[in-house]
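Student: Residue numbers (our numbering), protein chains in the order written: chain A, 1178 to 1465; chain B, 39 to 687.
It is worth saying that the hints were derived from the structure and are not from the lab. Treat the hints loosely; a few may be bogus.
To be verified - Derived Cβ-Cβ restraints for the label pairs, each shown as a range:
1) B:Pro149 to A:Gly1395: 39 to 47 angstroms
2) A:Ser1261 to B:Ala115: 23 to 31 angstroms
3) A:Ile1403 to B:Leu99: 41 to 49 angstroms
4) A:Ile1403 to B:Pro149: 24 to 32 angstroms
Beta carbons: idealized from backbone N, C-alpha and C, even for Gly.
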Amino acid sequence: MNVVRILFLLLLLTAPELTNATTHTALTVELAWLRTNMARLDVVVVDSRESHEYAAGHITGAVSIPVAETFSSGARSDLLASISEIKELLRTAGVRNDDHIVLYDNGSFADAARVFWVFEVYGHEHISILNNGFEAWVKRGAPISTRSDTRQRSDYLPSVNPRRLATKLATRFAMQNDRIVLIDARTEAEYNGQESIASRHGHIPSARNVPASDLIMGTEPQFRPIDELADLFGDIPKDKQVITYCNKGKHAAMAYFTLRSLGYDVSAYDGSWYEWGNDLNLPIAGER
Amino acid sequence: MRRIPIRIKLAIAVCAISTVLLLTGTMVLLQWDVATLREQQTEHALHIAHVLSHDFVEVVLLDSPDAAADVIENLDAIEFVQAVYLFDEAGEALLKYTRDRSSRMPAPELPETFPLIVPNGDIIQLFTALEHHHQRLGVVYFLIDANALAPLLRGYAMLAATIIPIMILACVLLSIFLGRRLTESLTKLTEAVSELSESGDYRVRVQIDNSDETGALAIAFNDMAATLEQKIHVIERQTQEERRSAEALRASEQRFRDFTRAASDWFWEMDAELRFSYFSERFTDVTGVPQQKLLGKTRQETGIPDVDLEMWNQHLSDLAAHRSFRNFIHSRTKEGGEVVTVSINGRPVFGADGSFLGYRGTGTDITARWNAERQLQHHRDNLQEIVEERTAELLEAKEQAVRANRSKSEFLANMSHELRTPMHAILSFANLGMRKLEPGATVKHAAYFERIRESGNRLLALLNDLLDLSKLESGKTIARVERCDLNRILEKVEAELESLLNEREQSLLAQSSAIDTSAYVDGEQIQQVLMNLIANAMKFSPVGSCIDVVFTDSQLQLNGSKPVPAVSISVSDRGIGIPDDELDEVFNEFVQSSKTNNGAGGTGLGLAICRKIVALHEGTIGVNNNQFGGACFTFTLPKTPSANNREVA
Chain A
1178 MNVVRILFLL LLLTAPELTN ATTHTALTVE LAWLRTNMAR LDVVVVDSRE SHEYAAGHIT
1238 GAVSIPVAET FSSGARSDLL ASISEIKELL RTAGVRNDDH IVLYDNGSFA DAARVFWVFE
1298 VYGHEHISIL NNGFEAWVKR GAPISTRSDT RQRSDYLPSV NPRRLATKLA TRFAMQNDRI
1358 VLIDARTEAE YNGQESIASR HGHIPSARNV PASDLIMGTE PQFRPIDELA DLFGDIPKDK
1418 QVITYCNKGK HAAMAYFTLR SLGYDVSAYD GSWYEWGNDL NLPIAGER
Chain B
39 MRRIPIRIKL AIAVCAISTV LLLTGTMVLL QWDVATLREQ QTEHALHIAH VLSHDFVEVV
99 LLDSPDAAAD VIENLDAIEF VQAVYLFDEA GEALLKYTRD RSSRMPAPEL PETFPLIVPN
159 GDIIQLFTAL EHHHQRLGVV YFLIDANALA PLLRGYAMLA ATIIPIMILA CVLLSIFLGR
219 RLTESLTKLT EAVSELSESG DYRVRVQIDN SDETGALAIA FNDMAATLEQ KIHVIERQTQ
279 EERRSAEALR ASEQRFRDFT RAASDWFWEM DAELRFSYFS ERFTDVTGVP QQKLLGKTRQ
339 ETGIPDVDLE MWNQHLSDLA AHRSFRNFIH SRTKEGGEVV TVSINGRPVF GADGSFLGYR
399 GTGTDITARW NAERQLQHHR DNLQEIVEER TAELLEAKEQ AVRANRSKSE FLANMSHELR
459 TPMHAILSFA NLGMRKLEPG ATVKHAAYFE RIRESGNRLL ALLNDLLDLS KLESGKTIAR
519 VERCDLNRIL EKVEAELESL LNEREQSLLA QSSAIDTSAY VDGEQIQQVL MNLIANAMKF
579 SPVGSCIDVV FTDSQLQLNG SKPVPAVSIS VSDRGIGIPD DELDEVFNEF VQSSKTNNGA
639 GGTGLGLAIC RKIVALHEGT IGVNNNQFGG ACFTFTLPKT PSANNREVA
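Here chain A stands alone, though its shape is the one from the complex (with noise of 0.2 angstroms):
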């Protein structure tokens, strides 16, 4: 008997670890779903328009984080509103640690992405975009307000996901690695070198250009399709590590959501081109 209960706990011992089945949640909702589950407690619909339009008329419930807020105050306004700048932001807009966020914006995805992202590294982990802009909510029907919905201060306690941000370093050390890939979101002009937002042109060597504007489609714009988005990144492999990058961070972070949505392990770099642009100490590739 002894020996038996010796070799259970061995076996008990070895034994891989239960995985904790997380609810796994949809990066990208459509309208029909946010109508039936808005009135949902732990659902906090988003606004990441300016305040001014939010002002003007908003999905009714949804709370306004403008895009702007999560820039840094500092000196640095192109890069990540700091941890005790979101923590508040978060506080304010009376988000819980465990809260369902759905994003939405004017239907550019710019924003919605750039808060999607911001979001991530903060460590939340339930975060959804609209497939539509609000036009769209609007043109159905759907309920808007033009009054100011606040929720309860929350005591939101951020966290930092590190495989979500990707520093100077790490994307200079991207850039010589071959199980990192870098994707420039910029225009295919800008990619090449013919404009530029900082004072040099180019890119970061390595780095494939995929233009934001190439991941939406349609007049009421929408996400392409999974299929059709999956060919443009097709031969990168999904073992591989990918960073995003842009002039600001803004379509980097529609990259970044349509490569998380396909299942990629993708972080965006903050400074971007930038900061990159205007580090002379940094190489650049396809300058003219």
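Start from chain A and add chain B according to the hints.
Tutor: Relative to the frame of chain A, chain B by itself:
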């Protein structure tokens, strides 16, 4: 379990012990290691936490996600750190890190004093103040799981799970090897014992050089085997001898049994009390008396019916006196009425000390001999009587025969005499008829008379012969002997036959060589003999041939006396001779040679008369065939007269 060999048991025991020891050792070691490691781990964790707390200074100062990302990346690598909470100087939570990102662990309450370590079993809580240039920036809270030893333990377990079976296997192999070495001696002993018990070969010895208990056991075993071998050798020899003697006894018994079965006699025994104790099977076969009827009984008790009383008493007295006896003969009547006669012999048997042990003897079936003897006795008693009876009968028969013969001869003599008288009358009248024939009578009549005369003469000759023979046979004829010269007699015969010789152109050749041909004979009778013989010779010899008459000196043995001088006269013809088997027959009455009896004529009495006359003269007559054909009749006559023949004075 009892059937398992010792070396396997040993191996099992060693394995069990080593397994228990190994497991116990491993457990103790593991426990000790875990305790030690936990202590070390705690210390290590606290140390790491202190180091990390410095990184958080930067995070607080910069309030930058980049800085936080760096720190948290590091935290991910440090497994025992389960959670980290960063508080600002006001004591408000700023940042959280949980290893399990979806954890909803609430922020802890900040204590009054720092640093503070709150150990709670495996969980250690650590509060560290963040200071920069002696100014408090905030507080970091670490939740450390000292039980993150699981991987270590798992490693240990894996190692143990790998090594322990290997070690056990090694133990098994080693114990089997050692067990074999250790039990080698025992195995040898066991094999030797089983070989001994199975094959029974007590020459089996064990060779063990050890000086331990097995060595002593081997020596003891060898001694035991040697002793056993000796004893068994002795027993085997004894058994063999016993078997041999038993076989000899059995053979002897078998031989005795075969003898008793084969013998026509039977064997019997009596014990010291003279009671029958044994009969061989043959006894019942012969006498028909079942053995059971006699066994255990004495002679007096059994008795014998119809026994000769004298012999019975003699037999009983012999038995009582323990004497040997032979031929106690008595008869028994079997069921079918058959009577058997038996003869019993016996001799007493005495022991080595001279004590009487009983009788042993045989019995013989003498029925056949007994009956033969009795019959023989009976014959012997009657033989003389029978002989006398037969002799008398024979004498009477002979006399009757002689009387009958004499009557016949007398009858013949009388008849011949009586027949001659009318014969003479016939001849006389035939002669008279011829003489008185008229001159004119025909030749025919003369021939008739001549035929009558000739036939009469022949008949007369026959009658004369018959008369002579009859006289001779009847014994009325006697020889009147006188000294005669046989040559003279021959001359007379020749003269008498001269005309006949001339007629047949035959000659008579007499050879008397210069001997004395005179003898005492009846001249007329001898002349008749010669006449008969010569006439026969002439008759059977061809015309013109020569008849030889030879006189020779000879001797005759008469009635077993000394030989007397005699003269032989032989007459040889040139005829066809006489068959050898008829040489004696021709002298009998009315017998003629088969070669000459066809038409030669004659009465067949001549030679018979010759034999009678010669016999009367006590001579002999015989015939044999000449070498070159023809018969030669020879008669021999004594020269001196015999007592029976009267000499004519």
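Student: A separate judgement is required for each hint: does it hold in the structure or not?
Tutor: Evaluation of the provided hints:
Between Pro149 (chain B) and Gly1395 (chain A) the CB atoms are about 58 angstroms apart, so this pair departs from the stated range of 39 to 47 angstroms. A beta carbon spacing of about 26 angstroms between Ser1261 (chain A) and Ala115 (chain B) agrees with the range 23 to 31 angstroms that was offered as a hint. Between Ile1403 (chain A) and Leu99 (chain B) the Cβ separation comes to about 43 angstroms, which falls inside the hinted range of 41 to 49 angstroms. At roughly 51 angstroms, the beta-carbon separation of Ile1403 (chain A) and Pro149 (chain B) lies outside the given 24 to 32 angstroms, and the hint is violated.
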